[in-house]
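In the order they appear, the protein sequences are chains A and B. Numbered per our numbering, the first sequence spans residues 14 to 313. Numbered per our numbering, the second sequence spans residues 4 to 284.
Honestly, the hints are just simulated from the structure, not real lab data. Just to be clear, a hint being listed does not mean it is correct.
[Unchecked claim] If we take Cβ atoms under 8 Å as the criterion, some of the chain B residues that face chain A in the derived model are:
hint, residue
1, GLY34
2, TYR82
3, ARG95
4, ILE97
5, ALA109
6, ILE113
7, GLY114
8, SER116
9, PRO117
10, ARG207
11, HIS208
Because the structure is a prediction, the values reported are computed rather than measured. In this text, a Cβ means the ideal position worked out from N, Cα and C, and glycines have one as well.
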Amino acid sequence: MRVSSFGYLIKEGLKNVWNNRIMSIASVCVLISCLVLTGSAVLFSMNVSQVVEKVSQRNETTVYLKDSVSSAEAPFLRVELMKIKNIASADFYSRDEAFKEYKSKLGDEVFAYLEGQDVLPDAYKITMKDVKKYDDTVKQIMKLEQVQKVSDHREFARKLASINRLVQILSIAVVIALGVISLFIISNTIRATMYSRRFEISIMKSVGATNSFVRIPFIVEGMVIGLIAAVLSTAGLAFLYDGILHIVSNVTHVDGIPLADIIWYVAGAFGVSGLLIGMLSGFISIRKYLKKEGNEILGW
Amino acid sequence: MENIIEFRNVSKTYGTGTHALNNASIAIEKGEFVFIVGSSGAGKSTFLKMIMHEETPSRGTVIVNGTDVTKIKRRKVPYLRRNMGIVFQDFRLIEKMNVYDNVAFAMRAIGSSPSAVKKRVPYILELVGLSGKAKNRPSELSGGEQQRVSLARALVNNPSIIIADEPTGNIDPEMSFEIIELLSQINAQGTTILVVTHEHDLVRHFNKRVVVIEQGRVVSDTKETAQEFEFNYSTDPDAEPIVYDNAGAEEVTEEAEKAEEAAAAEQVAADEQPAESKEAE
Chain A
14 MRVSSFGYLI
24 KEGLKNVWNN
34 RIMSIASVCV
44 LISCLVLTGS
54 AVLFSMNVSQ
64 VVEKVSQRNE
74 TTVYLKDSVS
84 SAEAPFLRVE
94 LMKIKNIASA
104 DFYSRDEAFK
114 EYKSKLGDEV
124 FAYLEGQDVL
134 PDAYKITMKD
144 VKKYDDTVKQ
154 IMKLEQVQKV
164 SDHREFARKL
174 ASINRLVQIL
184 SIAVVIALGV
194 ISLFIISNTI
204 RATMYSRRFE
214 ISIMKSVGAT
224 NSFVRIPFIV
234 EGMVIGLIAA
244 VLSTAGLAFL
254 YDGILHIVSN
264 VTHVDGIPLA
274 DIIWYVAGAF
284 GVSGLLIGML
294 SGFISIRKYL
304 KKEGNEILGW
Chain B
4 MENIIEFRNV
14 SKTYGTGTHA
24 LNNASIAIEK
34 GEFVFIVGSS
44 GAGKSTFLKM
54 IMHEETPSRG
64 TVIVNGTDVT
74 KIKRRKVPYL
84 RRNMGIVFQD
94 FRLIEKMNVY
104 DNVAFAMRAI
114 GSSPSAVKKR
124 VPYILELVGL
134 SGKAKNRPSE
144 LSGGEQQRVS
154 LARALVNNPS
164 IIIADEPTGN
174 IDPEMSFEII
184 ELLSQINAQG
194 TTILVVTHEH
204 DLVRHFNKRV
214 VVIEQGRVVS
224 DTKETAQEFE
234 FNYSTDPDAE
244 PIVYDNAGAE
254 EVTEEAEKAE
264 EAAAAEQVAA
274 DEQPAESKEA
284 E
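Working from the sequences, and respecting the hints, build out all of it.
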C-alpha cells in the first residue's frame, strides 16, 4: 500500500471519530472505566504482593517468654538462644519496654487502666542467619522450656497473600466483564459510523476497493478511541494512585510502590490494551459489512 | 472480436425459490454498446449483479474479461471490479462531498496517488461537462448533472466496461438522451457499455444492440435476429409477462414475428415523429 494511501486512510479514521463524536466519547468513557478498574486491581495486587514479600523476608522474630520466668532470670536466656546455630542475634525486650512502646503508639487512654499490671510478657527479638531455615529454627527455640511462643509473622503474610489471591480472581472477572462490555460498546460505535458511511462502503466496493482498504479507517477509528482512553486512564489512575498511596502510608506507615516506578508500565499496558481493544472492535464491526454486496450494504 | 462478457447457460435460483435467471446465454464483444431491456423482475438486475460478482450463478459459467468469475477467489473480486464502472439509477453520490471529491473518491478507494487524482479528475469532469461545478455539492445539481457526476465517477478509473443500471430512471427525458449520448461517445473510444433501461424511446433512438430478458431468459437479441428492436413487453410489474417458448432463439424469433404485426403501427408512428416531440412525451 502506498504511503499516501495510508495517510488518507488514517485521516478517514480520524474523521470517523470526529463525525461520530458522541458515540466516540461514550466509548472512551466505558474504556476508561474498564482500564482504570483493571489498573487499580493490578496495582492493589502488586502492592499487596510487595507487602507480603517484605513481611516474609523480614528477619526479626519475637520470642515470648512464659509468665513463670522471672524478670531477673529472663535476660540469661540469651546464652541458650545463641546456642542455636541459625540465630544471629538475640536482644532482650522487657515487658516494660513493650508496654512503653505500645503506649506511645496507641495512646495513654487505652493503657491508663492497665498501668502496673503485667499484661505483656518479657521477650527476645532475634534475627536469623538464614530466613529459609525459619521453621527448623522455631522448632529448636520452642524446645526451650522458658519459651511461651514464637511470633510467626509469616502467618500475617499468608493472610495477606490469600486476600491478594481473592483480589486477583475478582480482578480477572472484572477485567473480562469490562473488556467484553468495552468491546461491545466500541463495536457498536464503529457500527454506527459504518451505517452512516454505508454509501461510501458500497461505492468503495463497487469500484474495486480491497477489503483491507475498506477496513482500515474503521480499525483506525477503534484504535484512536482506545488510545485516547489509554492516555486519560493513565492520567486518572496516576492521580488516584498517588492520592491513595499518600493516605495509606500516613495511616498504616506501609510504603507502597512509588508512582514513578510504575507509571510508564501502566501507560504502556494501557496503550497496548486500548489499541488492541479498539482494533478488535474495528475488525468485529466491519466483518459483517465486508461479506455484504451492493444493495445489501445499504440495507435494501 | 473478443468477447468481454459471456454467459453460458447461466441459471440463478434464490433461497426463496425465485428463478431469476434460467439457462441464459449471451456474449458481448469488446467495445459493444448493449441495451438490456425487460419487464420488472425479468432478471436484468441479477444479470448485472453476476457481471459485478455481487451474485454467483447456481449453474452455468460467467466470463468477464477472460476470467471465469464463478471460480474467482474472493480476494480477487476487487481487481475484477476495477475494470468496471457502475452508474446507478439513484446516482449514489455522497452528499457531504463536493463533485470533485465524489469523483476522486473512486480513485482514492483503489489507492491511486494524489498526483494521479489531481491529474485525472479535472479531465473526467471536463469530459462530462461539469468542470464548472467541481466545488458544488450534489444537492445543488440537477438530476441530469448528478447522473453525469455518477458517470464521471464510473469513468475515472478508466474501466473497460460501463454498467449503467437504469441511468435515466430519475432524470427528465431531455437529459436522458444527453446521458445516453455521452455513453455513446465513451463507447466510441472503445469502452463496452451495458445499459439497463425501461425507456423504449431511448432504445429506439440510439440504434444499438438490444437484448431482451424475460422470466430469466434471453428472449430476444437484435444481434442474433438481425432485426430492429420491437417493444413488446410491459414495464408494469403487475402485468402478465409475455411467455416465450423456452426452446430457444428460433422459436422466440417466431414469437417476436407474431408480435411484430401488432406493434407495426406504433413503430411506424414513432419513427415518423421528430426526436424533440418524442422527448417531450
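Fill in: Minimum beta-carbon distance criterion (8 Å), B:ARG95 to chain A
holds, 6 Å
Item to complete: Hold the hint about B:ARG207 up to the distance rule: shortest CB distance to chain A must be less than 8 Å.
Response: violated, 30 Å
Worksheet item: Hint check: is the beta carbon of B:GLY34 less than 8 Å from a beta carbon of chain A?
Response: With a minimum Cβ separation of about 21 Å from chain A (threshold 8 Å), the hint on B:GLY34 is violated.
Worksheet item: At a threshold of 8 Å, is the proposed contact between B:GLY114 and chain A supported by beta-carbon distances?
Response: For B:GLY114, the interface hint holds, since the closest Cβ of chain A sits about 4 Å away, which is under 8 Å.
Worksheet item: Are B:ILE113 and chain A close enough, Cβ to Cβ, to be under 8 Å, as the hint says?
Response: Nearest chain A Cβ about 5 Å off; hint holds.
Worksheet item: Against chain A, with CB atoms and a cut of 8 Å, does the hint on B:PRO117 hold up?
Response: holds, 5 Å
Discussion item. Just to be careful: measuring from the Cβ of B:ILE97 to every Cβ in chain A, is the smallest value less than 8 Å?
Written reply: Holds: closest Cβ of chain A sits about 6 Å from B:ILE97, inside 8 Å.
Discussion item. Just to be careful: measuring from the Cβ of B:SER116 to every Cβ in chain A, is the smallest value less than 8 Å?
Written reply: holds, 6 Å
Worksheet entry | Interface hint compliance - B:HIS208 to chain A, C-beta minimum distance less than 8 Å | Since the shortest Cβ distance to chain A is 28 Å, the answer is violated.
Item to complete: Go through the hint on B:TYR82 and say holds or violated, using the shortest Cβ distance to chain A against 8 Å.
Response: This hint holds: B:TYR82 lies near chain A, its Cβ roughly 6 Å from the closest one there, short of 8 Å.
Worksheet item: Minimum Cβ distance from B:ALA109 to chain A below 8 Å?
Response: With a minimum Cβ separation of about 4 Å from chain A (threshold 8 Å), the hint on B:ALA109 holds.
When held up to the earlier numbered hints, the structure conflicts with 1, 10, 11 and fits the remainder.
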